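Generate the whole structure from the sequences, applying the supplied hints.
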Amino acid sequence: MKKTILLLLLNCGFLAAQTKTLITPYGEKVNIELSPSTDNLGNHTATETLNLDTHDIDNVSTIFIKKDAQFLDKISGNSNSFSLNKNDGTFAIYNSSAANNPLSIDETSSKTTLLSAQITKNANNFTLSPQKASVAVSGNENGDVDWKPLYKVKGATTFQVVKYSDGNSIYNSKTFNEVPGLTFTYTAPANGYLIIETNLYTVIPDAAANATPTSVKTEMVVTVNGLANTYGTSLITTTDSSEFLNGGGDVPEFTATQSQYLVLERGTYTISVRARTADQTNSDVGSSVGIYKAADGTQYVSSLLLTLVAN
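FYI, in mature numbering (1 follows the signal peptide of the UniProt record, and there is no 0) the residues of the sequence shown are -19 to -1, 1 to 292.
Don't take each hint at face value.
What the hints assert, rightly or not - In silico DSS-like cross-links for lysine-lysine, where the CA-CA straight-line distance does not exceed 25 Å:
#: 1; residue 1: K129; residue 2: K113
#: 2; residue 1: K102; residue 2: K48
#: 3; residue 1: K155; residue 2: K198
#: 4; residue 1: K113; residue 2: K92
#: 5; residue 1: K102; residue 2: K129
#: 6; residue 1: K198; residue 2: K129
#: 7; residue 1: K133; residue 2: K144
#: 8; residue 1: K133; residue 2: K102
#: 9; residue 1: K48; residue 2: K155
Claimed, not checked - So the derived label-pair ranges between C-beta atoms look like this:
#: 10; residue 1: K135; residue 2: T43; range: 45 to 51 Å
#: 11; residue 1: N32; residue 2: P6; range: 49 to 55 Å
#: 12; residue 1: L33; residue 2: G58; range: 19 to 25 Å
#: 13; residue 1: I56; residue 2: T249; range: 51 to 57 Å
#: 14; residue 1: F63; residue 2: D39; range: 21 to 27 Å
Honestly, the hints are just simulated from the structure, not real lab data.
Here the structure is a predicted model, which means the values were calculated and not measured.
C-beta atoms are modelled at their ideal positions from N, C-alpha and C, and glycine is treated no differently.
Here you go:
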């Protein structure tokens, strides 16, 4: 009975201490902790790879990586990987498939280099996606990136359209009439100022110029929705064709105009170039505006050019 009580006391002592002492086949005593308080992986240097294929590492305070941190593909059939590393002052993401660093950061300047980039949404409106030929701009003071067509970037100047004359205004008309090919309707893609430029050729026909020495004043007007936006003039003075070494031919004069017009996005504007013979020394000798045909057969056509400055 005394032996039984003693064994119970000893066993309780072992349980209380949560340790047991075993005798090895070589007669050595080994203490085993039944419920260790911690599982300490420190205080030693591993000589083999630690495989945690089906386990996680949680609550890590700091990880120091001497060489690479490699990320394998979730699909086992894909053997390519990405890795993080720092080499000679440059932190990089390495792509084993392309054998290059798609991203690198210099430790001195913090300059970040990207081999390629793709931003699929606007920072300030996730419902908008970039369109082809859009440009990335700062959407606010924080540097958020927005995609916009160039013609919607404030201050950007974009070519809109160019039109060419395909005929001449009415010869010797005292009232303004259209220069063929230079009237059309324009729809503004954005708010801004439309720069309207014209390059116009005024012509006195050869047959009229041969009649007598004369002077002709021609006026042009650029209208927007029927209202005058800017004017241009030309004055041609010519002598008898016998005074010309090569026989004369049509007599031209060149006039350029430039004006601007405030437009609103999706607004429509009818733009027209008109001309008239305003005055002359001989009522039978007038002018027209449009195409000038040189003596060698070369044709010079009048034009209308539109450029938008986004606001």
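Query - Enumerated hints in conflict with the structure, sorted upward - result: Of the numbered hints, 2, 4, 6, 9 and 11 do not hold.
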